[in-house]
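For the protein sequence lines, the chains are F and A, in the order given.
Numbering-wise, the working numbering puts 105 at position 105 of the first sequence, and it's gapless, one number per residue.
Numbering-wise, the working numbering puts 425 at position 425 of the second sequence, and it's gapless, one number per residue.
Rather than coming from a laboratory, the hints here were simulated on the basis of the structure.
Since we're looking at a predicted model, the values are computed, not measured.
One thing to keep in mind: the hints can contain errors.
What the hints assert, rightly or not - Here are the simulated EDC-like cross-link-like pairs (lysine to aspartate or glutamate), alpha carbons at most 20 Å apart as the crow flies: (1) F:K254 with F:E147; (2) F:K27 with F:E16; (3) F:K93 with A:D319; (4) F:K178 with A:D173; (5) A:K194 with F:E52; (6) F:K93 with A:D278; (7) A:K134 with A:D173; (8) A:K117 with A:E75; (9) A:K298 with A:D253; (10) A:K117 with A:E140; (11) A:K194 with A:D325; (12) F:K178 with F:E208.
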Amino acid sequence: MERLRNLLSASELSREQIRFLLSTAVKMAPQVRDGDTIPLLQGKTIVNLFFENSTRTRTSFELATRKLGAGTLNFAASTSSTSKGETLIDTAKNIEAMRPHAIVVRHASAGSPQTLAGSIGVPVINAGDGFHEHPTQGLLDVFTIEEKLGSVEGKRVVILGDIAHSRVARSNIHILRKLGASVAVCAPPTLLPPHPETLGVDFAYRPESLLGDADVVMALRIQLERQNRMQIPSIAEYSKFWGLNQERAKLLKKGAIILHPGPINRGVELDPEVADGPHSVILDQVFNGVIIRMAVLAAICAPDALQSWLQKGSNS
Amino acid sequence: MSSFNILIRGGKVIDPSQRINGDFDVLIQDGKIFAIDQPGKIPAAAAQEIIEAKGAWILPGLIDIHVHLREPGLEYKETIETGTRAAVAGGFTSVACMANTQPVNDTPYVTAFIREKAKAVAACRVFPIGAVTKGLRGEELAEIGAMVAEGAVAISDDGMPVMNSYLMRKAMDYAKAFGVPIISHAEDSNLVGKGVMNEGALSNELGLRGIPAAAEEILVAREIALCRLTRAPVHIAHISTEVGLEHVRRAKDAGLPVTAEASPHHLRITEESVRGYDTNFKMAPPLRTEGDVEALQKAVGEGLVDIIATDHAPHGLTDKAVEFDQASCGIIGLQTAVPLTLDLVHKGIVSVDRWVEALTVKPAKLLNLPYGTLRVGQAADVTILDPLAEWVFSHDQILSKSHNSPFLDWKLRGKVLATIVAGKVLHRAAKE
Chain F
1 MERLRNLLSA SELSREQIRF LLSTAVKMAP QVRDGDTIPL LQGKTIVNLF
51 FENSTRTRTS FELATRKLGA GTLNFAASTS STSKGETLID TAKNIEAMRP
101 HAIVVRHASA GSPQTLAGSI GVPVINAGDG FHEHPTQGLL DVFTIEEKLG
151 SVEGKRVVIL GDIAHSRVAR SNIHILRKLG ASVAVCAPPT LLPPHPETLG
201 VDFAYRPESL LGDADVVMAL RIQLERQNRM QIPSIAEYSK FWGLNQERAK
251 LLKKGAIILH PGPINRGVEL DPEVADGPHS VILDQVFNGV IIRMAVLAAI
301 CAPDALQSWL QKGSNS
Chain A
1 MSSFNILIRG GKVIDPSQRI NGDFDVLIQD GKIFAIDQPG KIPAAAAQEI
51 IEAKGAWILP GLIDIHVHLR EPGLEYKETI ETGTRAAVAG GFTSVACMAN
101 TQPVNDTPYV TAFIREKAKA VAACRVFPIG AVTKGLRGEE LAEIGAMVAE
151 GAVAISDDGM PVMNSYLMRK AMDYAKAFGV PIISHAEDSN LVGKGVMNEG
201 ALSNELGLRG IPAAAEEILV AREIALCRLT RAPVHIAHIS TEVGLEHVRR
251 AKDAGLPVTA EASPHHLRIT EESVRGYDTN FKMAPPLRTE GDVEALQKAV
301 GEGLVDIIAT DHAPHGLTDK AVEFDQASCG IIGLQTAVPL TLDLVHKGIV
351 SVDRWVEALT VKPAKLLNLP YGTLRVGQAA DVTILDPLAE WVFSHDQILS
401 KSHNSPFLDW KLRGKVLATI VAGKVLHRAA KE
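Sequences are here, hints too, so could you generate the full structure?
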């Protein structure tokens, strides 16, 4: 298996690399659940370089870093250097000069992690870039599905919401397809990517026809801040026709699960009763996010230590 | 001043303006073409300087009708001096510069400034293009007549398409009084929106906002409709889509005064290059699909696209070494245009006469310039090139102030050996 040097996108991960990260997370889970640390990154420093606000993802990476015994440094770039006219690359080179062991980057512009990885010598982990990708979210979602339902191979996964502007959907599609799941996306036509037939998945404009066969429904946040009256007439109309309400939830199979990357707009894409109902695994996703990010950080920053930990673990 | 003669001998003269394509020697005297004759017929004693052109092509000086020289106001990107030095190094003896300077070339004063500055420092002829609307804002007409009186050869809001069809119609009507064509950057800016690359499967994959081909198709169709209405000459800048080309074909078949140009980059690279997010592949209009590129190459070959023009667009590192979304559009093009497009001749897609015509006769005709010809008595603007010489384009060769080229490190075929403007040798290739 090719060693992971950066994690820029799910599209460039091989099936083998995905399986390795998922199985590493499976092995780490019990200790983390017990509140233990796995100090594979003792003495190292991971920088969170966030050009876009994100409390959840940043906190999750921060916790993962600490549970690996490493130090974390938060650099909210939008409020410091970039406002002084520093370019993206300048900022990264300044941080590189502080000798961190990896940079976790979130940026509103697609491709920024690639640009960074090409100009600095420190491993780069993409924590979400524009509408492009959010690979650790895709990994944690698939981890959660397999934890609840077993292998995703052959499972039907329906992604419902603003697909056009969703990096979460893109990363999930790449990973799910590589692992043999059957994927369908559903959105108002204006919130599907242009030429949806090129995505390599099924798509529908209305959710009803898809819900009955779904093993997994992944509801996406409708981005109120990006909302535009030229794309949908109102949030109320979205909720009426695409929201996962109690009535639509009745169409689901008994064992089907509902995921959401958070934060939820309750009553918009998910009714509160559904978000808190028996199908929902949303809080499991939050915990799993920490484990998956631990697996990613360890695989990139301490591959040898991780390897011997994995061997020791399997011997004990 | 005593007369100074240059003899160019041993080469092949290709001049579509006179339907010449054969071995001839050329004698220049006092800045003008003095004689074209059979090889060896002009005595060497007639010249103070002899340029040996064995194996080379001798062409009318090339004309680029679409460059951004950035002066006044954006001298950190380019100046009239540096841009024209790049031009002669690339084989161009005349360039026409777009109006999006700071201040915008929307008044006779800016037009006159460019003309006078060029007179003082430029390495080649410079022809200003005036704005269509004040400040390129698309709201009211600029002083077109006054700019033409100061030397503007065309009008264009290049980069900022005039979206108001009423205003565009009036601009076309008004420009007729001054005999200048209107050059349209044909992209519907509402449909372009915040798009940064061609829209399609790849933009989906890369997570970048797309620009549909329809954005160009719509405005090309509109310009043609307005041309039918006004009968004013309209030139479509950097056309990039297969359907856009079909619109132009129908307009030409109907006898409308519509012309079009293609840029070397749209003729040579596709949207695939955007993978990797290198901002030197960010253009307006964006790089398109393989099908579009093939259609565009064919269109140059058959003359449907009349002109090859670079859209030379220098940008500094602060404009380009940033996120793809934020980066400025465009690339430098003057020093690479010849080899990049000569490739189509080598591949047999474009005939050599058609290629020379697209860089000389056709641009001269569009802008009503007395250049682009080696006719005896005309100004001695001459480009001499070795069509087969191979070289690698590198940073140290760039004469432009900016280095934003996606063709760095490309191995290119076709090299400019000498560029002569009004009888003066202003560029000579370094000896290997």
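Results for each hint:
Taking the CA atoms of F:K254 and F:E147, the gap is about 17 Å. The hint holds against a cut of 20 Å. For the hint pairing F:K27 with F:E16, the CA-to-CA distance comes to about 16 Å; that is within 20 Å, so the pair holds. Taking the CA atoms of F:K93 and A:D319, the gap is near 18 Å; set against the 20 Å cutoff, the hint holds. For the suggested pair F:K178 and A:D173, the alpha carbons sit about 59 Å apart, so the restraint of at most 20 Å is broken.
Of the supplied pair hints, the one linking A:K194 and F:E52 holds, its CA atoms being roughly 18 Å apart against a limit of 20 Å. This hinted pair checks out: F:K93 and A:D278 have alpha carbons roughly 18 Å apart, not beyond 20 Å. For the given pair, A:K134 sits about 17 Å from A:D173 by alpha-carbon distance, which is consistent with the 20 Å threshold. Restraint check: the Cα-Cα separation between A:K117 and A:E75 comes to about 13 Å, which is no more than 20 Å; the hinted pair holds.
For the given pair, A:K298 sits about 17 Å from A:D253 by alpha-carbon distance, which is consistent with the 20 Å threshold. Among the hinted pairs, A:K117 with A:E140 is inconsistent with the structure: their alpha-carbon atoms are about 28 Å apart, more than 20 Å. Our distance criterion of 20 Å between C-alpha atoms is met by A:K194 and A:D325, whose separation comes to about 8 Å. Restraint check: the Cα-Cα separation between F:K178 and F:E208 comes to about 26 Å, which exceeds 20 Å; the hinted pair is violated.
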